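Okay, here's what each chain looks like letter by letter:
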Amino acid sequence: MSEKYRHVAEFRRSFEKDVEKLDREMRDRVFEKIDQLLKGSHIGEPLKGKFRDYKKVRIGKYRLIYSDKEKCKIVYDELDRLLN
Amino acid sequence: MSSQVIFPAISLSQLQIISKPGSEIYSTLGKHLEPYIEETLKNPENVKAVAGKLLMDARVSFLLFSALQKTTYEAGEKDLIEAFRFLKSLSRKFKDAGIDVDEAFSIFAEHEEWKFKKLKGEFERFVTMALDFMNYPEDLYEYAVIYFSLFLLLLASYETEAHEKLRSIGKELKNLADKLENYTLTFMLAFEENEEIAATARTPEEVKRVLRIE
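Protein chains in written order, with my numbering: chain A, 1 to 84; chain B, 85 to 298.
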């Protein structure tokens, strides 16, 4: 059993659904970012309005949205589909 | 100044409808937009200042609001597809000029699709979200400036064939699209803020379990 993180991660329902769309390589990359965040890194660009506590982290064509105070989610970037 | 700005609810797919031949609103809007497009073409790096001026132009605001009224119920999926076709043809023009704006256009397209779907499918929630966002006047003003800057850059790129100019417009498009993405994600989140927690993790193993990494 590995060491406990300093923080507890809470994942939204849509995060679980979004994970199903990811291939193994991308899941590993998402894990690396979450691991980094839970170890205390503050990376990413802040969102706006009442969500300014949230930050966006790009992982390839996906965006991981997180907050120190709120829950995690992944937004699938469907950009290729839109223009092709 | 920022308190006078209203949420820019219009989308490219709606302008697509009024851009059809014979549309009086569009030809009037076109005439009013012309000086702003020219100014953008002269100096694309200055587009945010031009968009700021445009936002204070009561006639343009009224015409955009009228276009919104006319098209909210009229706009359909085909208009969105048409708007994306327009972006795709512009994208080829930029590539010929030696600059790749595909990612910037994709970010803009994502914003447009999201807005279009909410305007069509969840109009009242969209209005509530926009009203709530207006509680943050600085962010609202920045969003309006970024959004209309992108509009002006798109229209300016349609008007020119000069490769050097297109490269300079493309550079601004990329820069502003990155900023637009933060707003798209903010609005998306506003529609999902009450979502339940499905899992928690306190260790790397638990995170891997959530991510289904064996």
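If you are wondering where the hints come from, they were derived from the structure by calculation, not from laboratory data. Certain hints may be false.
To be verified - Here are the computed lysine-lysine pairs in the DSS-like style, where the Cα-Cα straight-line distance is at most 27 Å:
{"#": "1", "chain 1": "A", "residue 1": "Lys-21", "chain 2": "B", "residue 2": "Lys-255"}
{"#": "2", "chain 1": "A", "residue 1": "Lys-61", "chain 2": "B", "residue 2": "Lys-154"}
{"#": "3", "chain 1": "A", "residue 1": "Lys-17", "chain 2": "B", "residue 2": "Lys-255"}
{"#": "4", "chain 1": "B", "residue 1": "Lys-201", "chain 2": "A", "residue 2": "Lys-21"}
{"#": "5", "chain 1": "B", "residue 1": "Lys-126", "chain 2": "A", "residue 2": "Lys-17"}
{"#": "6", "chain 1": "A", "residue 1": "Lys-61", "chain 2": "B", "residue 2": "Lys-177"}
{"#": "7", "chain 1": "B", "residue 1": "Lys-132", "chain 2": "A", "residue 2": "Lys-55"}
{"#": "8", "chain 1": "A", "residue 1": "Lys-4", "chain 2": "B", "residue 2": "Lys-292"}
{"#": "9", "chain 1": "B", "residue 1": "Lys-263", "chain 2": "A", "residue 2": "Lys-21"}
{"#": "10", "chain 1": "A", "residue 1": "Lys-50", "chain 2": "B", "residue 2": "Lys-258"}
{"#": "11", "chain 1": "A", "residue 1": "Lys-55", "chain 2": "B", "residue 2": "Lys-201"}
{"#": "12", "chain 1": "A", "residue 1": "Lys-17", "chain 2": "A", "residue 2": "Lys-61"}
{"#": "13", "chain 1": "B", "residue 1": "Lys-179", "chain 2": "A", "residue 2": "Lys-55"}
{"#": "14", "chain 1": "A", "residue 1": "Lys-55", "chain 2": "B", "residue 2": "Lys-177"}
{"#": "15", "chain 1": "B", "residue 1": "Lys-292", "chain 2": "A", "residue 2": "Lys-33"}
{"#": "16", "chain 1": "A", "residue 1": "Lys-17", "chain 2": "A", "residue 2": "Lys-50"}
{"#": "17", "chain 1": "A", "residue 1": "Lys-50", "chain 2": "B", "residue 2": "Lys-201"}
{"#": "18", "chain 1": "B", "residue 1": "Lys-126", "chain 2": "B", "residue 2": "Lys-292"}
{"#": "19", "chain 1": "B", "residue 1": "Lys-255", "chain 2": "A", "residue 2": "Lys-55"}
{"#": "20", "chain 1": "B", "residue 1": "Lys-132", "chain 2": "A", "residue 2": "Lys-50"}
{"#": "21", "chain 1": "A", "residue 1": "Lys-61", "chain 2": "B", "residue 2": "Lys-258"}
{"#": "22", "chain 1": "A", "residue 1": "Lys-33", "chain 2": "B", "residue 2": "Lys-162"}
{"#": "23", "chain 1": "A", "residue 1": "Lys-39", "chain 2": "B", "residue 2": "Lys-249"}
{"#": "24", "chain 1": "B", "residue 1": "Lys-179", "chain 2": "B", "residue 2": "Lys-255"}
{"#": "25", "chain 1": "A", "residue 1": "Lys-4", "chain 2": "A", "residue 2": "Lys-50"}
{"#": "26", "chain 1": "B", "residue 1": "Lys-177", "chain 2": "A", "residue 2": "Lys-50"}
{"#": "27", "chain 1": "B", "residue 1": "Lys-249", "chain 2": "B", "residue 2": "Lys-177"}
{"#": "28", "chain 1": "B", "residue 1": "Lys-255", "chain 2": "A", "residue 2": "Lys-61"}
{"#": "29", "chain 1": "A", "residue 1": "Lys-33", "chain 2": "B", "residue 2": "Lys-126"}
{"#": "30", "chain 1": "B", "residue 1": "Lys-258", "chain 2": "B", "residue 2": "Lys-172"}
{"#": "31", "chain 1": "A", "residue 1": "Lys-17", "chain 2": "B", "residue 2": "Lys-258"}
{"#": "32", "chain 1": "B", "residue 1": "Lys-126", "chain 2": "B", "residue 2": "Lys-162"}
{"#": "33", "chain 1": "B", "residue 1": "Lys-204", "chain 2": "A", "residue 2": "Lys-50"}
{"#": "34", "chain 1": "A", "residue 1": "Lys-61", "chain 2": "B", "residue 2": "Lys-126"}
{"#": "35", "chain 1": "B", "residue 1": "Lys-258", "chain 2": "A", "residue 2": "Lys-33"}
{"#": "36", "chain 1": "B", "residue 1": "Lys-249", "chain 2": "A", "residue 2": "Lys-55"}
{"#": "37", "chain 1": "A", "residue 1": "Lys-39", "chain 2": "A", "residue 2": "Lys-17"}
{"#": "38", "chain 1": "A", "residue 1": "Lys-61", "chain 2": "B", "residue 2": "Lys-179"}
{"#": "39", "chain 1": "A", "residue 1": "Lys-55", "chain 2": "B", "residue 2": "Lys-292"}
Just so it is clear, the structure is predicted and the values come from calculations on it, not from any experiment.
Checked hints:
The hinted pair formed by Lys-21 of chain A and Lys-255 of chain B fails the criterion: a straight-line CA distance of about 32 Å is larger than 27 Å. The straight-line distance between the Cα atoms of Lys-61 of chain A and Lys-154 of chain B is roughly 36 Å, outside the 27 Å bound, and the hint therefore fails. Using a Cα cut-off of 27 Å, the hinted pair Lys-17 of chain A and Lys-255 of chain B is violated, with the two alpha carbons roughly 35 Å apart. Taking the CA atoms of Lys-201 of chain B and Lys-21 of chain A, the gap is near 22 Å; set against the 27 Å cutoff, the hint holds.
Between Lys-126 of chain B and Lys-17 of chain A, the direct Cα distance comes to roughly 47 Å. Violation of the 27 Å bound is thereby established for this hinted pair. Our distance criterion of 27 Å between C-alpha atoms is met by Lys-61 of chain A and Lys-177 of chain B, whose separation comes to about 24 Å. Of the pairs offered as hints, the one joining Lys-132 of chain B and Lys-55 of chain A holds, with about 24 Å between alpha carbons and a cut-off of 27 Å not exceeded. A C-alpha spacing of about 13 Å is found between Lys-4 of chain A and Lys-292 of chain B, which places the hinted pair at or below 27 Å, so the restraint holds.
Proposed proximity of Lys-263 of chain B and Lys-21 of chain A is supported: the alpha carbons are some 26 Å apart, at most 27 Å. The suggested pairing of Lys-50 of chain A with Lys-258 of chain B holds, with an alpha-carbon distance near 26 Å, which does not exceed 27 Å. A distance of roughly 24 Å separates the Cα atoms of Lys-55 of chain A and Lys-201 of chain B; the hinted pair therefore holds under the 27 Å criterion. A hinted pair counts as satisfied when its Cα atoms are at most 27 Å apart, and Lys-17 of chain A with Lys-61 of chain A qualifies at roughly 17 Å.
Proposed proximity of Lys-179 of chain B and Lys-55 of chain A is contradicted: the alpha carbons are some 32 Å apart, above 27 Å. As the CA atoms of Lys-55 of chain A and Lys-177 of chain B are separated by approximately 34 Å, the hinted pair breaks the 27 Å bound. With a C-alpha separation of about 12 Å, the suggested pair Lys-292 of chain B and Lys-33 of chain A falls inside the 27 Å cut-off, and the hint holds. A threshold of 27 Å between alpha carbons decides the hint, and for Lys-17 of chain A with Lys-50 of chain A the separation of about 25 Å falls inside it, so the pair holds.
Taking the CA atoms of Lys-50 of chain A and Lys-201 of chain B, the gap is near 22 Å; set against the 27 Å cutoff, the hint holds. Annotation: proposed proximity of Lys-126 of chain B to Lys-292 of chain B is violated, straight-line Cα distance about 53 Å (limit 27 Å). Annotation: proposed proximity of Lys-255 of chain B to Lys-55 of chain A holds, straight-line Cα distance about 25 Å (limit 27 Å). For the hint linking Lys-132 of chain B to Lys-50 of chain A, the alpha-carbon distance of about 24 Å falls within 27 Å, and the restraint holds.
Between Lys-61 of chain A and Lys-258 of chain B the CA atoms are separated by roughly 16 Å; this keeps the pair inside 27 Å, and the hint holds. Under the criterion of a C-alpha separation no larger than 27 Å, the hint pairing Lys-33 of chain A with Lys-162 of chain B is inconsistent with the structure, at around 39 Å. Proposed proximity of Lys-39 of chain A and Lys-249 of chain B is contradicted: the alpha carbons are some 46 Å apart, above 27 Å. A threshold of 27 Å between alpha carbons decides the hint, and for Lys-179 of chain B with Lys-255 of chain B the separation of about 12 Å falls inside it, so the pair holds.
A hinted pair counts as satisfied when its Cα atoms are at most 27 Å apart, and Lys-4 of chain A with Lys-50 of chain A does not qualify at roughly 31 Å. Straight-line distance between C-alpha atoms of Lys-177 of chain B and Lys-50 of chain A comes to about 38 Å, which puts the hinted pair past the 27 Å bound. For a cut-off of 27 Å, the pair hint linking Lys-249 of chain B to Lys-177 of chain B stands: about 12 Å separates their Cα positions. A distance of roughly 20 Å separates the Cα atoms of Lys-255 of chain B and Lys-61 of chain A; the hinted pair therefore holds under the 27 Å criterion.
Proposed proximity of Lys-33 of chain A and Lys-126 of chain B is contradicted: the alpha carbons are some 43 Å apart, above 27 Å. With a CA separation close to 15 Å, the supplied pair Lys-258 of chain B and Lys-172 of chain B stays within the 27 Å bound. Simply put, Lys-17 of chain A and Lys-258 of chain B have alpha-carbon atoms about 30 Å apart, too far for the 27 Å limit, and the pair is violated. Proposed proximity of Lys-126 of chain B and Lys-162 of chain B is contradicted: the alpha carbons are some 34 Å apart, above 27 Å.
Taking the CA atoms of Lys-204 of chain B and Lys-50 of chain A, the gap is about 24 Å. The hint holds against a cut of 27 Å. This hinted pair does not check out: Lys-61 of chain A and Lys-126 of chain B have alpha carbons roughly 34 Å apart, beyond 27 Å. Simply put, Lys-258 of chain B and Lys-33 of chain A have alpha-carbon atoms about 25 Å apart, close enough for the 27 Å limit, and the pair holds. For a cut-off of 27 Å, the pair hint linking Lys-249 of chain B to Lys-55 of chain A is broken: about 34 Å separates their Cα positions.
Between Lys-39 of chain A and Lys-17 of chain A the CA atoms are separated by roughly 25 Å; this keeps the pair inside 27 Å, and the hint holds. For a cut-off of 27 Å, the pair hint linking Lys-61 of chain A to Lys-179 of chain B stands: about 21 Å separates their Cα positions. Between Lys-55 of chain A and Lys-292 of chain B the CA atoms are separated by roughly 21 Å; this keeps the pair inside 27 Å, and the hint holds.
Figure legend: structure checked against the earlier numbered hints; hints not met, in rising order: 1, 2, 3, 5, 13, 14, 18, 22, 23, 25, 26, 29, 31, 32, 34, 36.
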